[in-house]
Amino acid sequence: MPVTENWKPTIVAFCCNWCSYAGADLAGSSRLAYPADVKIIKVPCSCRVNPMFILRAFEKGADGVILCGCHPGDCHYSTGNYYARRRMTLLFSMLDYLGVEDGRTRVEWVSAAEGVKFSETMNSFVEKVRGLGPNVRLGDLRCRN
Amino acid sequence: MQELMERAKELLASGEVARVLGWKKGENDWDVEPRFFESVDSLQDFVYDGFCGANLSKYMIEAGKKEGKTLVFLKPCDSYSYNQLLREHRVDREKAYIIGVGCKGKLSISKIPFDGIVSVQGASYPDVSENLTVQTLYGTQTVAYKDAMLERCHVCKGKEHVVYDELLGESTDTVDADRFAEVQRIEAMSPEEKFAFFQKELSKCIRCNACRNVCPACSCRKCVFDSTAFNSDQKANTTSFEEKMFHIIRAFHVAGRCTDCGECSRVCPQGIPLHLFNRKFIKDINNLYGAYQAGSDLETKAPLTNFTLDDAEPGVGRG
Amino acid sequence: MRRIGVFVCHCGSNIAATVDVKKVVEMALLEQGVVHAEDYPYMCSEAGQSHIAEAIREKQLDGIVVCSCSPRMHEATFRKCAEKNGLNPYLVEIANIREHCSWIHKDMQEATEKAVILMRAAVAKVHLNAPLKAGESAVTKRALVIGGGIAGIQTALDIADAGYHVDIVEKEPSIGGRMSQLDKTFPTLDCSACILTPKMVEAASHENITIHTWSEVEKVSGFVGNFTVDIRKKARYVNMDKCTGCGICQEKCPSKKPLNEFNRGLNNRSAIYTPFAQAIPNVPVIDAAACIKLKTGKCGICEKFCQAGAIDYAQTDEIITQQYGAIVVATGFDTIKLDKYGEYAYGESKDVITSLELERIMNAAGPTKGHLERLSDGKAPKEIVFIQCVGSRCSDDRGKPYCSKICCMYTAKHAMLIRDKYPDTNVTVFYIDVRTPGKNFDEFYRRAVEDYGVNYVKGQVGKVAPQSDGSLLVHGVDLLENKQILKKADMVVLATAIEPNSDVRKIATMLTASIDTNNFLTEAHPKLRPVESPTAGVFLSGVCQGPKDIPETVAQAGAAAVKVIGLLAKDKLKTNPCTAKADELRCNGCSQCAGVCPYGAISYETRQVNDHGIREDRRIAVVNSALCQGCGACTVTCPSGAMDLQGFSNRQIIAEVDAICR
Amino acid sequence: MYKIQKENLKALYAAIAAEDDLFLPVRSAGQVNFGLWTQEAEADIDTLKTVKSAKDIFFPQSENLYQVHRQEGKMNVQGAELCRKPFVVFGIRGCDVKGMEVLDKVFLSEPVDSYYAARRQMGTLVAMACGRPETSCFCKVFGVDCAAPAGDVITWLVGDTLYWEPKTEKGEALTAKVAQLLEKTDASAVEAEKQNIRAIVEKLPYSHLSLDKWGAAAADKNFDSPLWEQLYTPCLACGTCTFVCPTCQCYDIKDYNTGNGVQRYRCWDSCMYSDFTMMAHGNNRNSQMQRFRQRFMHKLAYFPANNDGMFSCVGCGRCVDKCPGHLNIVKVIKAFEKEGV
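Chains as they are written, first to last, in numbering that gives the first Met the number 0: chain A, 0 to 144; chain B, 0 to 318; chain C, 0 to 661; chain D, 0 to 340.
Since the hints were derived computationally from the structure, they do not count as laboratory data.
There could be a bad hint or two in this list.
Unchecked claim - Computed, partial: chain A to chain C, Cβ under 10 Å: (1) Ile10; (2) Val11; (3) Ala21; (4) Leu25; (5) Asp36; (6) Val42; (7) Cys46; (8) Pro50; (9) Ile53; (10) Asp73; (11) Tyr82.
Said to hold, decoys possible - A few chain D residues that face chain C, going by a derived Cβ cut-off under 10 Å, partial list only: (12) Glu71; (13) Asn256; (14) Gly258; (15) Gly281; (16) Asn282; (17) Ser286.
All values reported here derive from a predicted model rather than from experimental measurement.
For glycine and all other residues, C-beta sits at the position ideal for the given N, C-alpha and C.
Excised from the complex, chain A in its bound form (with noise of 0.2 Å):
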């Protein structure tokens, strides 16, 4: 896929329901704006983020990935987002490794309260990928045409 001026990146966001969910709504009521090529996909908490789906996503055609949870100490769930933490810190350093450039992947913590946040970590994520272009390295060629 060539990079052109009309290239509007794809953007996968997963949330957790209790924090980043809600500070995605009220980004949205607060009419904050972000990009459209963020699309998000509620979880119940970070870590019901399995590698599987980040990888999965890549895969079918994204171009970045980030993963908001609540606040480490904020868990709904009082640790899930301690255990995504560390698995997110090892995939992203694995990514890394293999040579996927780093802006494709973040995580965030963002909670209800912080649709400003939510607001300016997309439009900051959203653009560091429009700036690394298309995915190449981490796509399957099948998606493609």
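Chain A is fixed; fit chains B, C and D onto it per the hints.
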């Protein structure tokens, strides 16, 4: 070796064990195979020398389903794998009689760089400083024992067994390389170089699953890549993504459980240095969460089922 | 193939002004399995819901996608609507095209494209939704309170008053806890015993309360509504039914060496003892480690003198097993050990004491019969120095990082009481900050300073040096004057940090309730669920959750009781159906999942499975759906994908990913 | 007979690749496999055995069969193109050429596999004699003469000279295309090389394996042998042996969801895998012993029973070299020779 064989015969004859899991002589000096010996007579084919690199611990899963105790020979590094399986309830300690055998470094036939090898002498009395004498169809050659050693022996975990019922034989420390040197070399590359390096290595992958099937940590009854659990069953090396997905996820699934036994790299028919995936995780875990050696004990919480309140944030250290 | 209906809401103009709802309907009809799609101005209205009802009937829908506002707003509405019309409520998915789309985007084309993608993701998910049914479990209408201090007593009384039976388990020989050790209470200065004793008596005489003193919780199993608890009743060596509490045994007991725990070790007690006069029950226990009879077989004096014949040296520990619907932890606190604070000379000089020790000294039933005197020489102190924050608000690992919260107030109380009773005694308080938020608290502190002339010095003490003349030289600093202070004192009182009782870790493990780095029990939500632990059915009362004074403790105790009453009032509990579930054919029994479950919901059993004709005994993970809260931590730990989360299954999430990325 | 100096081979490759696709052993990341020749590719004709056989070129590990596109609710089915461009396989060894004969039996008999047939038609085999056979080689057992392999063109690398002899029409046509790079020569050096090679082959440890216990008649006889139970134990159930084998021909057909449709592809399967021929009720071979037995019984008994005695092993020895458990067909044959009924 004689000592091991005699002890095995003794235990088998006394009925203390119902079978022996060891290594059997092959057609040649180097094609030793893992094998259950059910009778004293069959132990005539027992062998223990430099070519007994195979880690027998995973076979103990099947052994646990059989009647009676199984005598198993574990090298120091194999004992870590066994311990990890024990921790995960995949083996039955009650049904194992473990003899910790000494190890002086194991050989890889593919590291002996000669055509038409007919015999290799010197594998049974290993002394790291000695040479192997290799008869080939095209003449006699020699190679230093050390140069024919498996990669894992150059970064040996040490001489201690972490689980055993008795110990037999001496071990030698064969470390002469930095375990993380290669990982560090790759980490220092630019993203483009890293990508090119792994692309080249992984494009060789034929998805034979040897790495997975030999791996003592990959002991799933049904691998996700063989099942529909994630809608991700794959057999093909259709595009380069397939191999990446497989190897990243495999490494992730064994992260914190991989003892770095090196079997994956030993068996890869395409010579892909698969340990570089696992070792990357091990290095990260050690750096971020404190030194951890999977299989060293049964109690310490594994790094991925544990946390501290002030763990590093994902992507920390990125530019 | 599912028969799916897609309902696109205009939300007046909230959605329709930015999203071309007709286009979303049109695109929905092109999706696999979508047999019905329509738009409507307000889907959540009665009329909107009747459209859904009609479509379910007419088109035999077995899956519904509503493209509307956030599921946090109306998911419940649409689920109920589905249920009313014969469709399982979990076959409904919401595509959030308002908060996540129309409200944040301006460009109609862009917003419409996104809305279509969100709709597709929801359709893809609903194809894989399984009809889920909330389970039910019965509730045992009895509560257990662990700890018999003021927190436990108050919780128990409130629950008991509501008509439910409560058991209190207290490890000491009497209930009463820390409050029974206090002399006066701030800010009213009423006598602690005077207000506590009636509560203790009320608890003891309440028909719905059973008190197990000298007892400990041994084992907990089960889950919310259905806990089974083993309680160890330690051997008391005194028959509780026979004992009249006359006290002659204690008087006659020849073993007088053991330190009196109740008086913080400042004096001694007999081997057979009740900790204090108002103890409930008023039945002594024999300290087996000190009793001559139990150690050597000789003596038996107490038995000889006991007219009731209550002494029973042959008693052994007894385990009682009881069912409970709810458990309240009220294990309280202790002061920290001061062995890392050598500079204060605690332990070196008898005249350096903790505030809790001062409470005992000031108390009429204490070691000095209430006379303020130096423990070294019995003289009345003329100069007393109080040092605040000993081990509290500490940045290194000697103490605790948190504020112990009660010290500022009780120090003001001590200072005031001393100045009141012994006007010729000077009192100096070294403090970092004086923290007095609370009703009538700051007024109280100001009285100490203004009316009673207590000398408050902002600054820390670096050293307390015992002098050869028996006095103590306090090396302090006055930060406001910016000068070093050397002060000679006759007595130094340390406002020692408090920490959760040392047993709490063991109890938390038994209850699978989590504790933080300071060993305080964690609440389910720090703001919104402060008296519930993350483990359903386990509640928190008092200082075990965080530092508190008495009024706060009593308030929290009441709140915990209300939560328990609310739980016990139900005959059945509905369980969240979005719980984890292990596929027995894929499970390895490796036990990694249990390691990350915050609720202890996963156990393992060995059972025979039939794996496509291979029958073998396998160790399989079993999720207790009454305990599982559905976080999904286990599902990612499971390498084989055997552990999956209903309602958010691996395949469902992957279907959403695929739909978004295609 | 023609010859060309080794140093000129690159020019030869370029000349072939000018019109046709050229596949030859290429070294990449330390391993040699058949690959498409490019200026940058590191051709390696000295390594005796590529890891995977040349089978991959005619019967790729994965290949697309057809594609379904979904657009605006409509389906559009598009079959994969059959191979139309001529190509040359250079440096294929005698065993692999024999392997093609085995595959032909499977794929060219009715119903003909059109994908394979097209490639067979388009492909020209430039075989190469094995100057230095390996210990694991036993092609002689299956009637392969690695000193004079079959193929459209046969080549011998003697010292620094490559000798070239066209054998078929296709071979002649290819020779004509590159004639200006070749030099006519007599066959004496080649004859001497053949004698050399055959002498080595005689000395190879597995060259004289006996197949007496095998063939069509073994199908019933060997099936119930207790030997299988002993032989299979080290088997890890990986697919290495099948994937490096020049004759294994089993494949699976799967669908890949591309988001806007489906790509139906086939990929090699391995009878060592537990989900091989999995059906709704389960698997007809549910133990690894049965799967292990299947592989060898198929190669040494069932295949000959159905194909006029032709074994579906060519003695290339790749599985002997690569099996992680050091199990192999040689050990099976020997075990039955020694103890079998």
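Hints versus structure:
Annotation: Ile10/A was flagged as interfacial toward chain C, and the flag holds, the nearest CB pair being 9 Å apart, inside 10 Å. A hinted interface residue such as Val11/A counts as satisfied when its beta carbon comes closer than 10 Å to some beta carbon of chain C; here the least separation is about 6 Å, so the hint holds. The interface hint given for Ala21/A is met, as the beta carbon of that residue sits about 6 Å from the closest beta carbon of chain C, less than 10 Å. Hint on Leu25/A holds. Least Cβ distance to chain C is approximately 8 Å, under the 10 Å limit.
Because the smallest distance between the Cβ of Asp36/A and any Cβ of chain C comes to about 8 Å, under 10 Å, the interface hint for this residue holds. Checking Val42/A against chain C by beta carbon gives a least distance of about 6 Å; that is within 10 Å, so the hint holds. Using the Cβ-Cβ criterion of 10 Å, the hint placing Cys46/A at the interface with chain C is satisfied: the shortest such distance is roughly 4 Å. The criterion of a C-beta within 10 Å of any C-beta in chain C is met by Pro50/A, whose closest approach is roughly 8 Å, and the hint holds.
Hint status for Ile53/A: holds, given a least beta-carbon distance of 9 Å to chain C, under 10 Å. Hint status for Asp73/A relative to chain C: holds, with the closest Cβ pair at about 7 Å, below 10 Å. Hint status for Tyr82/A relative to chain C: holds, with the closest Cβ pair at about 5 Å, below 10 Å. Given hint, Glu71/D at the interface with chain C, holds; its Cβ is 6 Å from that chain's nearest Cβ, closer than 10 Å.
Among the interface hints, the one on Asn256/D holds; its C-beta lies about 7 Å from the nearest C-beta in chain C, closer than the 10 Å criterion. The beta carbon of Gly258/D comes within 3 Å of a beta carbon in chain C, closer than 10 Å, and the hint placing it at the interface holds. A least Cβ separation of about 3 Å between Gly281/D and chain C falls short of the 10 Å threshold, and the interface hint therefore holds. A cut of 10 Å between beta carbons decides the hint on Asn282/D: the least distance to chain C is about 6 Å, and the hint holds.
Against a cut-off of 10 Å between C-beta atoms, the interface hint on Ser286/D holds, since the closest Cβ of chain C lies about 8 Å away.
In this structure, none of the earlier numbered hints is contradicted; all agree with it.
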